[in-house]
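2 protein chains.
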Amino acid sequence: MTNYELVYFELNGRAGGIRLFLDFLQVPFTDTRIPRQDWPTLKPKIKFGQIPVLKILDKGIELPQSVAILRYLATKHGGLGETPEDNAIIDSFADLIQDTIIAVRPWIWSITKNLGEEEQTKQYKETLIPVIKDNFVPPFLKQLKENGSGFLVGKKPTWIDFMLADVVDRVDKIIPPDGKDFIAPLVSHRDKVFSLPNLEKRLEDRKQYIF
Amino acid sequence: MTNYELVYFELNGRAGGIRLFLDFLQVPFTDTRIPRQDWPTLKPKIKFGQIPVLKILDKGIELPQSVAILRYLATKHGGLGETPEDNAIIDSFADLIQDTIIAVRPWIWSITKNLGEEEQTKQYKETLIPVIKDNFVPPFLKQLKENGSGFLVGKKPTWIDFMLADVVDRVDKIIPPDGKDFIAPLVSHRDKVFSLPNLEKRLEDRKQYIF
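One line per chain: the protein sequences are X and P, in this order.
Convert by adding 7 to the 1-based position in the first sequence; the result is the number in the numbering used here.
Convert by adding 7 to the 1-based position in the second sequence; the result is the number in the numbering used here.
Any given hint could turn out to be false.
One copy or two, either will do: identical chains are not told apart, so a pair holds if it fits within one copy or between any two.
List of simulated lysine-lysine pairs, DSSO-like, C-alpha gap at most 30 Å [stated by the list, open to error]:
id, residue 1, residue 2
1, Lys187, Lys52
2, Lys52, Lys149
3, Lys66, Lys162
4, Lys152, Lys66
5, Lys208, Lys83
6, Lys54, Lys199
7, Lys66, Lys120
8, Lys140, Lys163
9, Lys163, Lys83
10, Lys187, Lys66
11, Lys162, Lys54
12, Lys149, Lys50
13, Lys152, Lys132
14, Lys129, Lys54
15, Lys50, Lys120
16, Lys132, Lys50
17, Lys163, Lys52
18, Lys199, Lys187
Since the hints were derived computationally from the structure, they do not count as laboratory data.
Assemble the whole structure, with the sequences as input and the hints as a guide.
In structure tokens form, the structure reads like this:
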């Protein structure tokens with residue numbers, strides 16, 4: 008009997024970093040995966056009408072929003088920063104990742120809605136690459152360089168490292184080898200996070216997903 | 008000499024809730040307002056290229072992202088929830104507000120980019136109203152009803168009350184009187200927050216802004 012049920016689709020998506028973080032923390036959870044066709048029936052019953060949702064069973068709480076879930080798990084089980092300032096910096100980078108995911112949505116839609124190769128190539132070049140190259144990568148690189156420990160904030164892994172590594176892993180899968188010099192240092196960070204203990208099984212499982 | 012400098016435009020916008028919260032906490036700050044025409048020069052020098060930014064002068068830290076700023080101020084000066092679960096619920100509602108602001112962006116753009124009355128009316132009807140009515144208002148109403156204190160979480164005002172009241176105040180200004188029955192309970196919440204101590208001067212100042 009676990010105390011947590013994580014409800015999401017049969018996808019990596021916005022649950023990817025959460026699943027990795029739970030495994031790292033060795034916190035057992037029920038990993039419920041909703042088939043796409045069941046979503047319209049489930050949606051009206053779920054808080055905010057959104058997944059992922061973390062059900063905190065001993066408190067009778069349904070917690071939506073992936074970043075709120077990661078921060079809550081860190082508060083309860085470890086993986087916060089060491090000072091209020093570290094936590095504020097972690098929070099600001101988490102919100103930058105959220106902004107980035109939203110900014111590249113036209114490109115994601117071009118694929119998930121099957122808008123054809125021409126539109127996908129257009130969105131790839133005009134949306135994905137500029138957003139990742141100009142807005143996303145530079146602040147993370149600067150932070151990693153200034154922090155110097157190999158993790159984003161402080162000396163130990165915190166929840167933002169899992170959120171970042173999860174997203175960079177997807178970007179790395181998508182960008183062709185000849186175009187990804189500019190994310191190489193973030194791929195090194197991902198590799199460092201992915202080599203932390205307790206993640207092997209999850210990393211094997213997630214290989215099947217593009218998103 | 009204050010320890011904080013808040014940098015933003017001569018607007019309410021994403022600094023509105025922060026300014027109110029700082030006044031409520033009686034935390035003095037330098038309220039720097041950048042003229043629009045100076046933004047292109049300033050942008051490359053600012054962390055994430057985004058404002059608002061809170062400069063935490065005694066730590067030499069530049070903190071971007073409005074929600075991270077509110078949470079940090081609450082951590083340092085009061086206005087967090089009382090339990091990890093309360094804080095997680097607060098966080099999830101903050102992210103719901105962020106999602107809402109992004110979802111209504113086509114409507115905001117129709118006004119700020121002067122796209123003409125026809126497009127503005129279309130975006131008002133097809134974007135603003137459905138998002139506010141269907142996705143935004145119901146979860147907040149449910150939470151206020153279940154919590155019962157008049158504030159969103161727990162018995163006392165927390166930072167999310169200021170974030171919500173600030174946004175609802177703008178929605179209330181924009182929606183014509185005959186169409187806003189559905190936000191009336193959130194307007195009552197705003198009125199409760201706006202009647203808290205130390206806010207009079209700020210409330211007078213912000214009247215000049217639509218956004």
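Status of the hints after comparison with the structure:
1. Lys187 to Lys52: between (42 Å within a copy, 25 Å between copies)
2. Lys52 to Lys149: Close across copies (13 Å), not inside one copy (42 Å); limit 30 Å.
3. Lys66 to Lys162: The answer is between: 18 Å across copies meets 30 Å, while 32 Å in one copy does not.
4. Lys152 to Lys66: Answer is between: at 19 Å across copies they meet the 30 Å cutoff, but 40 Å inside does not.
5. Lys208 to Lys83: For lysine 208 and lysine 83, only the intra-copy Cα distance (23 Å) is at most 30 Å; the inter-copy one is 40 Å.
6. Lys54 to Lys199: Classified as between: cross-chain Cα gap 25 Å, same-chain 35 Å, threshold 30 Å.
7. Lys66 to Lys120: This pair counts as neither: shortest intra-copy Cα distance 38 Å, inter-copy 47 Å.
8. Lys140 to Lys163: Within one copy, since 27 Å is at most 30 Å while 43 Å is not.
9. Lys163 to Lys83: both (17 Å within a copy, 23 Å between copies)
10. Lys187 to Lys66: Cα proximity of lysine 187 and lysine 66: none, with 45 Å in one copy and 35 Å across.
11. Lys162 to Lys54: between (36 Å within a copy, 22 Å between copies)
12. Lys149 to Lys50: between (40 Å within a copy, 16 Å between copies)
13. Lys152 to Lys132: Within one copy only: 28 Å inside a chain, 47 Å across chains, cut-off 30 Å.
14. Lys129 to Lys54: between (36 Å within a copy, 29 Å between copies)
15. Lys50 to Lys120: Answer is within: at 20 Å inside a copy they meet the 30 Å cutoff, but 34 Å across does not.
16. Lys132 to Lys50: For lysine 132 and lysine 50, only the inter-copy Cα distance (24 Å) is at most 30 Å; the intra-copy one is 34 Å.
17. Lys163 to Lys52: between (38 Å within a copy, 29 Å between copies)
18. Lys199 to Lys187: within (18 Å within a copy, 52 Å between copies)
Going down the numbered hints, you'll see the structure goes against 7, 10, while the others check out.
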